[in-house]
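Those protein sequence lines, which keep their order, are chains S and R. The opening residue of the first sequence carries number 1 in the working numbering; numbering runs sequentially from there. The opening residue of the second sequence carries number 1 in the working numbering; numbering runs sequentially from there.
Read the hints as simulated data drawn from the structure, not as lab findings. Hints may be right or wrong, so weigh each one.
[As the list claims (entries may be wrong)] Mimicking DSBU-like on lysine-lysine, the simulated pairs with C-alpha atoms at most 30 Å apart in a straight line are:
no., chain 1, residue 1, chain 2, residue 2
1, S, K213, S, K281
2, S, K180, S, K103
3, S, K213, R, K289
4, S, K4, R, K82
5, R, K288, R, K171
6, R, K268, S, K171
7, R, K171, R, K289
8, R, K111, S, K171
9, S, K213, R, K82
10, S, K213, R, K293
11, S, K281, R, K82
12, S, K213, R, K291
13, S, K213, S, K4
[Said to hold, decoys possible] Partner residues are not named here, just some residues of chain R that face chain S (Cβ under 10 Å, in silico):
no., residue
14, F73
15, L77
16, F86
17, A101
18, L229
19, K268
20, L284
We put the beta carbon where it would ideally sit given N, CA and C, even for glycine.
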Amino acid sequence: MKPKRILMHRFLIIGFSILTGIVIILLTSSNPEEAISAFFLTPFSGSYFFGNMLAASIPLIFTGLAASVAFRAGLFNLGIEGQVYFGALTGTITARHLPEMAKFPAILITMISAASAGTLLTAFSAFLKIRWGVTELISTLLIGYSMIHITDFFLEDVFLDQDLGLIGTEKIQESLLFEKVLPPSGLSTAVFLAFGFIIALYILQEKGNFGLKVRFYAENPIFSRYIGLNCNRIALLTMILSGALAGLAGIVDILGVQERMIRGFSSQYGWNGIAVALISKNNPLWIIPAAFLFAFLEAGAASGSIFADLTPEISRIIQGVIFYLVTAYGLIDFLKERRRNGNALS
Amino acid sequence: METLFHETISSSTIITLGALGGLMTSLSGKLNIGLEGLILISAFLSPYFAHITGSVLAGTVLSLTITVCFSVFIYLLHDLFKADIFITGLATNLFAAGFTAFLSSTLMHSKGTVRFSGFETVTSYDLPLLSEIPFIGVLFQQQNTFDYLTVLLIVLMYVLIKKTTFGLHIKATGLNERTAESAGINPRRMHYTAYVICGLFCGLAGSAMTLPLGAFVGGMAGGRGWIALVAVVLGRNNPLGVFAASIIFGFSAALSNLFQVNTSISPKLLMTIPFMITLLALILYSAKKQKEKEE
Numbered sequence: 001m002k003p004k005r006i007l008m009h010r011f012l013i014i015g016f017s018i019l020t021g022i023v024i025i026l027l028t029s030s031n032p033e034e035a036i037s038a039f040f041l042t043p044f045s046g047s048y049f050f051g052n053m054l055a056a057s058i059p060l061i062f063t064g065l066a067a068s069v070a071f072r073a074g075l076f077n078l079g080i081e082g083q084v085y086f087g088a089l090t091g092t093i094t095a096r097h098l099p100e101m102a103k104f105p106a107i108l109i110t111m112i113s114a115a116s117a118g119t120l121l122t123a124f125s126a127f128l129k130i131r132w133g134v135t136e137l138i139s140t141l142l143i144g145y146s147m148i149h150i151t152d153f154f155l156e157d158v159f160l161d162q163d164l165g166l167i168g169t170e171k172i173q174e175s176l177l178f179e180k181v182l183p184p185s186g187l188s189t190a191v192f193l194a195f196g197f198i199i200a201l202y203i204l205q206e207k208g209n210f211g212l213k214v215r216f217y218a219e220n221p222i223f224s225r226y227i228g229l230n231c232n233r234i235a236l237l238t239m240i241l242s243g244a245l246a247g248l249a250g251i252v253d254i255l256g257v258q259e260r261m262i263r264g265f266s267s268q269y270g271w272n273g274i275a276v277a278l279i280s281k282n283n284p285l286w287i288i289p290a291a292f293l294f295a296f297l298e299a300g301a302a303s304g305s306i307f308a309d310l311t312p313e314i315s316r317i318i319q320g321v322i323f324y325l326v327t328a329y330g331l332i333d334f335l336k337e338r339r340r341n342g343n344a345l346s
Numbered sequence: 001m002e003t004l005f006h007e008t009i010s011s012s013t014i015i016t017l018g019a020l021g022g023l024m025t026s027l028s029g030k031l032n033i034g035l036e037g038l039i040l041i042s043a044f045l046s047p048y049f050a051h052i053t054g055s056v057l058a059g060t061v062l063s064l065t066i067t068v069c070f071s072v073f074i075y076l077l078h079d080l081f082k083a084d085i086f087i088t089g090l091a092t093n094l095f096a097a098g099f100t101a102f103l104s105s106t107l108m109h110s111k112g113t114v115r116f117s118g119f120e121t122v123t124s125y126d127l128p129l130l131s132e133i134p135f136i137g138v139l140f141q142q143q144n145t146f147d148y149l150t151v152l153l154i155v156l157m158y159v160l161i162k163k164t165t166f167g168l169h170i171k172a173t174g175l176n177e178r179t180a181e182s183a184g185i186n187p188r189r190m191h192y193t194a195y196v197i198c199g200l201f202c203g204l205a206g207s208a209m210t211l212p213l214g215a216f217v218g219g220m221a222g223g224r225g226w227i228a229l230v231a232v233v234l235g236r237n238n239p240l241g242v243f244a245a246s247i248i249f250g251f252s253a254a255l256s257n258l259f260q261v262n263t264s265i266s267p268k269l270l271m272t273i274p275f276m277i278t279l280l281a282l283i284l285y286s287a288k289k290q291k292e293k294e295e
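Make a model of the complete structure from these sequences and hints.
Take a look at the structure:
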């Protein structure tokens, strides 16, 4: 598909989502001007709002990469929500039980443990696919749902901080947290980490041998086998990478912003990550603006509900519309066809 | 023991209805992944419209209409804009979650449990005559209209698929579109019809979930749409197979509920039971299928 068309489609998505937002605001707010200003402008006003918005896009960059890596190989990882959540808890508990050590190795160990937790789940799905042909679309989903419940169990019954008003763990040691880069917002050095991963994955995908093999495998798995590619290994490595990125998404958010794990903190990270991957058409560089778009919608809805009379759920319906929009890459072709041929649909 | 039986029936009803809808699309060759989303949409809209109109019937009909629209939209995006049908189904699931959350917050001003009033919730009753038959009669006691309707629909679907020309046409479309086309069948019409039927069934599933309760909770479908999808796969395009799978999954949900009520095992862990059983069933099915392929 022509790059220009894809670019147009991306702008169509952004434009349409803004339009949808405006329409809904006009429909539901008794003071539309105030609401529109709160939704579209407040998130950019000052380092607190803007920094928090950037911080909110970090987990989506990771989950976007996780989904994108799988899609690239023609695989569906629908269990990202569960991998994020389980990885986050594993990382948090690891961090809290580390002995005294230097900051860098401590954070490294924490992140590796979170990534491994996510990988454990996706590797299992990959194994089921390789060994018995179980479709990963369903197995990742079922395992994901289950792990959310299981993680909640551990959160509520084992690692609960009794003194906290909510359901969550105790705080992670100050020494292990990422440094803030834009106070008073929650934006931390994690943002550099996120960019680093984007670049790393871009190189892996576009410039490496592995990326080439993955593309062949996605295009035609049977042909790939004929030309000697080890399809099972490609699928397994892809899923491992996807799970690792998902596991990182949660722990990076905790070390950067949350400082402890709270029940439900990562809600929608996985699903929005999938939308981010679809918008970016699996190009890592485009994940950044896509993740930012989603973070902006959340921030806009939040300030809309605080400073105006909008309901915070407004972000969810705009996101919902985007989910539909990303599916229709043929929309631009279709519209062009209609204009050219009058009304020919065949 | 009796409660387990009744719980199984009510859990199975929802899964069965969703699965029968999915079965239609599977037969036509374009499986609808969006069952979960369609069920969720109807789960909110049925009590909402019932609340507005005061009538359960009107509420159901209106909700079904909209659910059918969403279902058709899934195929339409694929047909007109060449979108991947799995992705449009997935998009529907994601949209439905946000959509119902938004409607729940905007229309009913509640983000948690939404209680609907203004209509009579669907109740359980004994079916006259049939419930008096010794032994089998138990099946027809103390179920609600949706449960009885489901049994009727299973029979209807079986007849439709196995005994009518339409059933033949749908299966032909699913097996080989081009051949079906040369035989005079319109594949597009078959697909759209399948998706309309799927919308109807998923709509009923959603209604069956909330109309007896008169309340809606966010994310209420709780994965049952996905479990229905697995039931479709396991049923091997046979309505009786789909029903059997749905009963097994319904039973696992009932078991989970029973343990939650009667034991002190953490409810969170117990909630994984239906998913684990569904996964196990899928693994066994896939393994068997793989073995058959190799022979």
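Going through the hints against the structure:
1. K213(S) with K281(S): Holds - the C-alpha atoms of K281(S) and K213(S) are around 18 Å apart, at most 30 Å.
2. K180(S) with K103(S): holds (15 Å)
3. K213(S) with K289(R): Answer holds: K213(S) to K289(R) is near 28 Å, not above 30 Å.
4. K4(S) with K82(R): holds (18 Å)
5. K288(R) with K171(R): With Cα atoms ~23 Å apart, K288(R) and K171(R) stay inside 30 Å; holds.
6. K268(R) with K171(S): Distance of about 24 Å is within 30 Å: holds.
7. K171(R) with K289(R): Holds, because 20 Å separates the two Cα atoms, which is no more than 30 Å.
8. K111(R) with K171(S): holds (28 Å)
9. K213(S) with K82(R): holds (26 Å)
10. K213(S) with K293(R): holds (27 Å)
11. K281(S) with K82(R): holds (15 Å)
12. K213(S) with K291(R): It holds: about 28 Å lies between the C-alpha atoms, which stays within 30 Å.
13. K213(S) with K4(S): Given that 30 Å is the threshold and the Cα spacing comes to 26 Å, the pair holds.
14. F73: holds (8 Å)
15. L77: holds (5 Å)
16. F86: holds (7 Å)
17. A101: It holds, given that the least Cβ distance between A101(R) and chain S is near 5 Å, below 10 Å.
18. L229: holds (7 Å)
19. K268: Nearest chain S Cβ about 4 Å off; hint holds.
20. L284: holds (9 Å)
Every hint, counting from the list given before, is met by this structure.
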